[in-house]
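Quick mapping for you: the protein sequence lines, in order, are chains F and W. Take 0 as the starting number for the first sequence in numbering that gives the first Met the number 0 and just add one per residue. Take 0 as the starting number for the second sequence in numbering that gives the first Met the number 0 and just add one per residue.
None of these hints come from the bench; they were simulated from the model. Every residue, glycine too, gets a C-beta built ideally from N, C-alpha and C. Don't take every hint at face value.
Taking beta-carbon pairs under 7 Å as the criterion, some of the chain F residues facing chain W (in silico) [said to hold, decoys possible]: (1) A58; (2) T60; (3) A64; (4) A94; (5) I131; (6) S133; (7) Q147.
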Amino acid sequence: MSAFHIVTIAAVGATLAALAVHFAAAGRRRPAEGPARVRLGPWQRLVYGVMMLALAVLAGTALWAAVCGERLSGWLLLVHNAAAGPFALGLVVLAILWAERCRFAAGPEPALFAPAQRAVFWVAAVLATVLILSMMLCWVRLFGTSGQELLFEVHRYAAVGMVVTALMHLYLVALGRRAASLSLPPDRA
Amino acid sequence: MTGNATKRRRRAPPFVKALAILAAAGAVGLAFSFVRAAEDAQPPGEPASRATYVHRIPLRDTENGVIRPESDPALPFSTRTTCGDCHDYDTIRQGWHFSATDTAAESGRPAQPWILVHRATATQLPLSYRPWPGTWRPEDIGLGPWEFVQAFGRHLPGGGPGEPDPKALAAEPRWLVSGRLEINCLACHSADPAHDQVQWLLQLAEQNFLWAPLATSGLGEVRGSARRMPETYDPFMEPNAQALQKGAPTVAYDAGRFDAEGRVFFNLVHKPLAERCYFCHTNHGVGAEAPEKWETDQDVHLAAGLACADCHRHGLDHRMVRGYEGEPLAQERPELADFTCRGCHMPKADGSPPAARFGAPVARHVGLPTVHFEKLACTACHSGPKPRMQAGRVQTSRAHALEFYGEHRGDDALPFIAEPVFVKQVNRLDGREEIGPHRILWPAFWGRLKDGAVQPIHPERVADAAKTAPEAKDAGESGERLSRRRIAEVLKILAAGPDAGEPVYVGGGKLYRLGADGGLAAEDHPAARPYAWALAHDVRPAAQALGSGGACDDCHAWNSAFFFGTVSAEGPADLGEPQAVPMYEFEGLSSLSLRVWAVMFVFRPYFKAFLFAAAAVIGVILLLYGLRGLAALLKWVSARSAKG
């Protein structure tokens, strides 16, 4: 088992465990009153959903190759590449739509997410840039084999970071929705 | 004073004298033993110096007798005794070129087989003493060492089947007349421009095995033919007048080549010249698309000044480095990894720098995704002729006797070998498969089917049986190639014979048997599968490698020969239009996925632009809000400091 496998298992496992602990400890509590938040519109939900689905495909294909002990190639790489497009597009759209409302300082627009979700958003944006660039630079005639190896390492470790970030974001979104439903009158919950 | 002292010296008692003599003898003995030990530690024939040893040596016959130019009768020199005087012959016999018949020797990756060709019976059968899947052992068709040497000796360096075990020697009395075919050291190590390896073939044709090394060396002339001598002829006895009249082999040494002490100068080199290797290892493309000889270049390593033996090196045991990636694993010799393409040109798996022997340039492979190194052998992009939509035909020294002029030459000479064919084969150091260029032969032979397995029949036996088949030709039959009708007739004759098993003909990738209607019925069978062996040379310059300069569409294109080229299942018989097997089948890849890849590469530039744009947009947002965050932080710090 390579260092990457160990890091991946440890990172994803630790994230899931931390989220489970958090949910057991704090997730069941009724939320305190806070500032009103805007609910996502249907298009944003669609974009978010497609992006998360694309990320799942990207992670799944990469994971399958890792389990088989090979690098992505053939059909798996085709699917991986195909999912990269929607993922990148979704990221761009959401970055444009959410950036202003994910600021930590109070702005003119009401906050879209809780502070933790906003932090996750910015981490995801950084990781996305690294993810895209690390693979794109492999496709241009700039780096030799050692550079390509380094970019590949950066890509896959950034991908693990992105999966962890996405898990946290999904959890926080789900927690937010639950909290919102608990805040609503019983007939609308 | 001295005299007094002498007088005062007491005489030693006798036992002291004896002890002193014993001690002196012991010391001398010990000193000799050290010298001997030092000599023994030096392997015979491997002087430590890199200086060229001048081989001015006496010639010796097979009985180790020194040969003089005036010797009568003059016997041919023996390499076993002449060279073996300093270089241990039995150690050398372990070498790759001589150990095929040694069942204990490591076979390694399948290589070019010996191909038995018989045009009249449309036979091209791959044979090997090494257990390579897809080849047949010579004994399978009744070829003993004697017959094998007769068939393929022209490109054997001697040894191996040329020096069979006593049982095989006893089985064929002609060995006593021809002598054994010793390893011809000169075939590789001679640097004499007068060395004539073609003489080897001519002497073998006359069954003059014992005389063949001398004939190639030019140290003397060999006349006569052991073939014409009866089995009772003793080549070590002076031939009588009757034997001479029959044409018994005789030797006439060139007296001018001997010095005053009866020694002969051999112009030898430790590292064989490439021209010597080429005698058995030349490949020559034929067909309309094949370039003329003057249009081809030699291997880039040779052009850079290296010799074949710079990489294909060995010690006295002549266990030559073959240089393929999986060799260190197959031979359990990890040190061989340095002599592969990767060993010299690429950093090792642990990141340590490459061996870079001879100052080999380290490959950068700018812009090439590293997955290619897992899927492809280095040779896939760098070696052999560039792929064509239909794999070309190639002739090789060992299969087509390129070194000899004669009627056997011509573009349609058998056997039909195709190249380059990209085949997935176990090759890597870690035992995995990878795709590399190969030469391929579709076996064609007659056999008998028993319990689902085919046992080949010697083509001469088939030819004898076929003599009784009707000669009449159908309209359109040229008679030059065996027709389906003729094959069916011969199968009927073989079926009527006493031998067990259903007669079949294998060719063009199919097994043919007699159908219910009396015609031929074709089916797939493992025995009909092609035999492929990897090719590694000529290595092209890096700029001529596939994909060089970012040309991804050398392979990733709708019409790429690398994936979608075809290999014609050509055989010597006229079995109709040969099937065209697409390259991706040999590569173990899916046509659909390759087609989708090809389409994706059409849009790849746009995809790259889109992803760069996406990264740029997100990057700009990060920069913008990062700066705004920084501004807010500075404002907060400033406010705090104003309050403080």
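Against the structure, the hints:
1. A58: violated, 18 Å
2. T60: At 13 Å from the nearest chain W Cβ, T60(F) fails the 7 Å test, so the hint is violated.
3. A64: With a minimum Cβ separation of about 10 Å from chain W (threshold 7 Å), the hint on A64(F) is violated.
4. A94: This interface hint holds because 5 Å falls under the 7 Å limit.
5. I131: holds, 4 Å
6. S133: violated, 10 Å
7. Q147: With Cβ-Cβ at 5 Å, under 7 Å, it holds.
In this structure, the earlier hints numbered 1, 2, 3, 6 are contradicted, and the remaining ones agree with it.
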